[in-house]
Each structure stands twice: as C-alpha cells, then as structure tokens.
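Trainee: Sequence:
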Amino acid sequence: MNKVTPVFFALHIAACFSGVDGTAIAAGDNAEHFRILCRVYKTATQVPHALYDPTSIDDVSEKIDVFSAALSDDKWYADVLSASKESKIPEELAGTSTVMKGNWSRWRKAVVRISTDPEVAKIPSGTPAIKTALERLKVIEKHVEKILQDIQKTSESVDLAKLQTAFSEAIFGNLGEDNERTYHGTSSRGQTCGSSGLGSKGANTGDSLVIDFLCLCAKDSSGIDKACGEDVSIASPEWTVGSTNSGKQIWTKIRDACIGRTNTKNVTAEYGVSALYDFVAKISVDTQASSRKPGLFGTITTAGTPACDGQNADSNHGICVYYGTDLKQIKWLQKIKNGIAELEKAHKGEATIRNAITHLKMLGTRAEEIYEEAKATLDQETTTSRIPTKNQTMNQKPPTPSDKGTAQEPSALSKAGNSRYILPWTLLI
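The sequence shown runs -22 to -1, 1 to 407 under mature numbering (1 follows the signal peptide of the UniProt record, and there is no 0).
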C-alpha cells in the first residue's frame, strides 16, 4: 500500500501526456479520466467532524465518579449533597476524600445521581473493607485522568479545520461552494479549459476540481452528451461559461454521478494517495503522439491545433482539460496533498483515541466490580453480625424458608457473573 510521502508529489511530468485523440469523440471516451478525478473528489469529501464522540468518554467518567462517591466519607457525602455550591462545604472537607479543586460540579453531579438512582446506593463508610475499596477506586481515577489527558492531547494535535479548508478549496477553489462565480469560466470554454493550439494552460484549469470536472464532462452546443460515461448524462443544460447558473446545475449532476461510482465506504489517506498517483500517471504517459500536448487530460479530435473547447468537430477540438507542463499550476493538487497529510494524522488520532476509550471502558467495568465487591462484603458482614450465639441458637426455633429469603438473594455482583472482558492488570486494582 502506498504511503503518504512528499516524494510522489515531486514527480516530474514526462514529455507527453495521455490525452486521447481520434477522428471524433464518442460517449465514454473520458470515462477513465472521470473515474480518477472522482476518486480524488471522494478523498476530499472525507473530513471527520470529530475524532471521537465526547459522550462515550463522559459516560464512563461519570460512572466511575458515581462509584467513588458511593464509597466516600459519609460526612463529605452529606455535605456535598446538602450544599448548593462549593463554598458551602466545610474547609476541612474541601480538599479531602474524593473532592478535587475545580471539580465541584463533577462530584456534586455524582452525589445527586446516587441520591436519585435506585441502581447505585451510598455505602456507609468507616469499615476497613470500604476504605480499601475506595483507595482502589482512587487508583482507577488516576488512570482515567491520565487517559483523558492523552485523549485531549491527541485531539489537539489534529487540525480538522485546516483539513476542512484544504479539501474545500481543492473542490471549490478560493471562492467557495456558494459563490456563483465558482462555476463560471472566462470568456469562452476554450479560454477556460485550454485554447486553440494549447500554447498555455487553460485560464481556470487546476483552480478547482469543479472547473476541471466541467471541462471534462459538460456538454457544449457542438459537443456530445455522456463524454464521461453512460451514467454521466448531461444533455441539458449546456455549460455556458459566462454569468448563467448552468455550471452549478451541471456540477450537481456530475457530483451525483461521481458519488455513485466511488462507493468506497472508508476512504483512507492511502486511498487518496493512490488516486493522485493515478492522476499524475494518467497525464504523464509518454505516448509519442505528436498531436498530443504535454499536460492534456481528456480527449481531442484529430491532429492540428487542438483546443479544449468542448466541441466534437472533425479536427482541432476536444473535450478536455489542459494543465500545461508544470504540476505546480494545478492548485487543487497541492491542496489535496496537504489535506491528505492531515487526513492521515486524523485517522491515526482516531485509532489512538479509540484504543484509549476501550481502555477507559475496561476501567469503568473494573470500578463497577470494586463497588459491587464492597457492597457484597458489607452485606456479608451485616449478615454475620446477626448470626446468633450458641446459647441463642438453643433457645430459638429453626429458621423457616422465609427467614432465608433475604440472605439467599443473589447480589448484584453474583448476577453480573464473571464473564467480563478485563485486561489482566486491572484485576490487581
């Protein structure tokens, strides 16, 4: 698989390019060119909105906070529950137990949840077993804090706004999607895409993928429909490069056909690199055909002084894009390159954060088990304290089945069973 490196962008254009020539242009002659540009376009649409879902982290963190608060000092718990704000907590408790400076709202939320959630009960503090359980939860909390810091650091290392800007400008140019001029050319299609003789690049070619798609596929009054393939039908409107809105209408049809062809679900940075390699290779094939100009992408009619004017006459015409001989003149190519580099960082960041969240969930599971173990231990101690002495036993009747009911009720821990997937080291906490 190709890797994202600056080397491939330094490819030097060969002497001749892969524009196809013939006596006339037929439907589908630009299909392969269209397919390549579609892959580039598909890459430019893959901008993640975020590297992770914050709720997936908040849920686990809040869950662990609740278990810690449930095992906390009874007085601290009561004070936090009754206080309306942090300043109401006695000074001697403000910096102890599970309270940390700046986290008042976090712990207040956990305490309030315990008071209203029947699934989690406050366990009386004071016994050695409960204190030990709380210390184990504090160890988990430290691991959680470290993971959250790592996630934040990874997230900040990726500039999604920069990625969005690079790809958006590659597709639409500097004017943006909503500007009508984005879909216009200059005075004529030939001037826009490549004038007669192809002495220099088209005035607008390489400025945006939109313009290049229009040059490659749009129908001219003297051109043909479906130049980019049977599924790219643009019989009307014809592209008038002036001030009408035909360009935007045609672009919508081209875009929809493009999306239909490129059905790759998960576009990676490597996918984008491969698309750019194919683009450069397509315009860099040395065909040794004297009628083909360096930098030509598309199809021209028989030799002479061809132009990318969208016409399909016998000679000197073509449905094509002319970039000239310098890759640096293809502005969207550099922007896609920059975007792909950032996209690779984003995908790596997503993978790193995904692993961190998995780790976080395992810690959440372990925290729940510690809470359930503490609860079960307390229940057992309570039951043991109620066992009668030998003399009491002799004076009491044997227990009835109904007397056993409460003692034999399975705990939440036993209900949960042992079928949890936990990293071995977490069992040491």
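Worth flagging that the hints you see were computed from the coordinates, not collected in a lab. One or more hints might be untrue.
[Stated by the list, open to error] Simulated restraints on C-beta separations:
hint, residue 1, residue 2, range
1, PRO32, SER165, 49 to 55 Å
2, ALA107, ALA28, 37 to 43 Å
3, GLN312, ALA28, 24 to 30 Å
4, VAL117, ASP137, 18 to 24 Å
5, ALA28, GLU248, 41 to 47 Å
Glycine included, each C-beta is placed from N, C-alpha and C at the ideal position.
Trainee: At the C-beta level, are VAL117 and ASP137 separated by a distance inside 18 to 24 Å?
Mentor: Given about 35 Å between the Cβ atoms, the range is violated.
Trainee: Within 37 to 43 Å: is that where the Cβ-Cβ distance between ALA107 and ALA28 falls?
Mentor: With a Cβ separation near 42 Å, ALA107 and ALA28 satisfy 37 to 43 Å, so the hint holds.
Trainee: Using the beta carbons of GLN312 and ALA28, state whether their distance is inside 24 to 30 Å or not.
Mentor: Taking Cβ atoms as reference, GLN312 and ALA28 lie about 26 Å apart, which means the hint holds.
Trainee: Given the range 49 to 55 Å, decide if the beta-carbon distance of PRO32 to SER165 lies inside it.
Mentor: holds (51 Å)
Trainee: Is it true that the C-beta distance of ALA28 to GLU248 lies inside 41 to 47 Å, as the hint says?
Mentor: violated (22 Å)
Checked against the numbered hints above, the structure violates hints 4 and 5; every other hint is satisfied.
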